[in-house]
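Trainee: Single-letter residue listing:
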Amino acid sequence: MISVNPKGEVWVFAEQHEGKIEDIALELLGRARMLGDKLGVKVGAVLIGDQIKSLAEKLFHYGADNVYVLENPLLEHYQTNSYSKVICDLIHKYEPQIMIYGASACGRDLAPRVASTIKAGLTADCTDLQIGDHENKSEGKVHKNLLLQIRPAFGGNIIATIINYDRWPQMATVREGVMPMPTPDAKRKGQVIAEKITMQKTELPIEILCEHKREKKVNLKASRIVVAGGAGVGSKDNFKLVWELANALGAAPGATRAAVDLGFIDRDHQIGQTGTTVRPSLYIAIGISGAIQHQAGMSDSQKIIAINNDPTAPIFDVAHYKIVGDLNDVIPKMIKAIKARV
Amino acid sequence: MAFNCVVTIKQVPDTKRITGQAMNDDGTVNRGALPAVFNPEDLNALELALDIKDKFGGKVTVITMGLPAASEVLRQAIYRGADEAILVTDRRAGASDTLATSYILSCAVKKLNYDIVLCGRQAIDGDTAQVGPQLAEKLGIPQVTYVEELLTVEDHHITARRNIGNGWQEVKCKLPLLMTVVDEANEPRVPGAKRLMKYKKAKTAIEIQTQLKKENPTASDAEVKQIADTKIKELEEKGLLIKQWDLDQINADLQWCGRDGSPTKVHRIQSVVLTARESKTVEATDNGITDMIRELITDKTIS
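Going down the list, the protein sequences come from chains A and B.
Be aware that the first sequence starts at 5, since it is given in my numbering, and climbs by one per residue.
Be aware that the second sequence starts at 32, since it is given in my numbering, and climbs by one per residue.
Worth flagging that the hints you see were computed from the coordinates, not collected in a lab.
Here a beta-carbon is modelled for each residue, glycine too, at the ideal position from N, C-alpha and C.
Please note that a few of the clues may not be correct.
[What the hints assert, rightly or not] Calculated cross-link-like contacts (lysine-lysine; reagent style BS3-like; alpha-carbon spacing at most 30 angstroms): (1) A:Lys225 with B:Lys331; (2) A:Lys24 with B:Lys203; (3) A:Lys337 with B:Lys141; (4) B:Lys141 with B:Lys244; (5) A:Lys221 with A:Lys193; (6) B:Lys142 with B:Lys264.
[Claimed, not checked] Here chain A is said to cover these stretches of chain B; the calculated rule only asks that three of the stretch's residues, wherever they fall, bring their Cβ under 8 angstroms from a Cβ of chain A: (7) 103-109; (8) 175-189; (9) 196-207; (10) 319-333.
Modelling step: build the complete structure from the supplied sequences, incorporating the hints.
Mentor: Written out as structure tokens, the structure reads:
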């Protein structure tokens, strides 16, 4: 761990694969910028790979002041041990006060390894990050300007705010889409800090034999309308109605985690804290009770229609249009009304 | 060519079956009111370990850290085929975050001979997926996360296919290693009837003591201890004693355990209070629905 260092920078892990910066890293830079401005410190991006220095410019445009470039042929592909080692060395050298990672497959593999090596804290899947004070009543002490790591917990019955006031850096992971994508400023400039990396092949316990990329089956983030089903849809067969309504509207079909776990639809369609966060013009929630983890991924939708046969379902609290009824009855009526207008 | 596997498992509240009563009035979680289950992906990790044993021989040891009641998931693992089960329980381990938990588990695992450590990808009560990688780091071994298929196991290395979110990757990794296993990896076996009959009386020392205290409310602590010791010895002779370790027995340094060992602290817990927004109730009739769709077309929500 490093000691408490209020002058330390706010860092983002600038995840890149094959020379392309991941969206999540840019989204995180937007929030890091906000946190850095509030704290009056610089924002740093940690860029790791081989021959990737040219990507730094994009990171400046999205809000980084400093880009730490860690290049080595052995760092070309992500590996837990090598990436973790160079990040830990960098943290010890520069002592950032905050470091955030995307909660991607890579970030969720890397961040805990770093946290364990440094003996620092880590909060997974935050839905919000803010700066605030913490009063420790037993010590009679106020810890100023901490990173408030906010996430739903325990089946969504509670929202927990987690802090780390003594073993820094303060670290968190955030899912893609949770933080809005900042508007890039092509005139923004910054400083490249190139680090000398020496590494032996023997330090890599893993060999990547082959890799197969797969396009996501659906682009939920880019859809103007999302039609999502929950466990209340009842069966994979009934879920066809969700698809039909989505087709009628030219919408993307989404689902709750419960519906995915029940096998109604593929995991690519999952919306919520541990899935995709969406902000469409219209969100139609079918047979969705509205657990807070699901709401975390959709409550910013401009209009929400909720269809549920349980009038007390929490989803109705965030809905603009509430329809209490059976989906087998309501959806065909909706499709009919939509088609009648075309 | 036999392999010793250690599987870390967790008893978790069934978050899918949480009801209103699961929350106390002060907004804290009433754990007692929640049904406790075997963390689902830990069953996949156990299945993978049992599969390795079936194919190559060796031993499967399961470890859990938790309250005495967590002995139940150890029995569940034994019914399915685990050879040895260990409960790590200690009041001083309470309030551990993922870092402290992985430290404590690492102290326990270090006491065992292992080639492969297996964990479920994540536990359903926190979904952090942190303890696996952190445990690997504490043990100083490589990690292969999100394993969906173990392809080969050889003397000095394994190959596996791991899910990397937007695709998959095949990797080769040296032994010893730690794997975290996803639910797509396999279909966990159900408890074996013979093993269930044989091991349903398996217990940890603390379970025996608690039960005796309940049965003999007037007996002194010394008396209870005496009867318990006899009973414990009996079970041990029958091979029905589930091992139980406290923090001293695993040589854990207390500064890294429990609340003190946890860098993350809770700043605030808020019960979820949903504030209703301005909304319209739409009748589930043709007229009601047609009016709603017309409104959405007029304001250009639907184009």
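Trainee: Indicate, hint by hint, whether the structure satisfies it.
Mentor: Against the structure, the hints:
1. A:Lys225 with B:Lys331: holds, 19 angstroms
2. A:Lys24 with B:Lys203: holds, 25 angstroms
3. A:Lys337 with B:Lys141: Measuring from Cα to Cα gives roughly 63 angstroms; hence the hint is violated.
4. B:Lys141 with B:Lys244: Cα-Cα ~33 angstroms, so violated.
5. A:Lys221 with A:Lys193: Violated, at roughly 37 angstroms.
6. B:Lys142 with B:Lys264: holds, 23 angstroms
7. 103-109: violated (count 0)
8. 175-189: With 3 residues closer than 8 angstroms to chain A, the stretch 175-189 of chain B meets the three-residue bar; holds.
9. 196-207: holds (count 10)
10. 319-333: Since 10 is at least three, the answer is holds.
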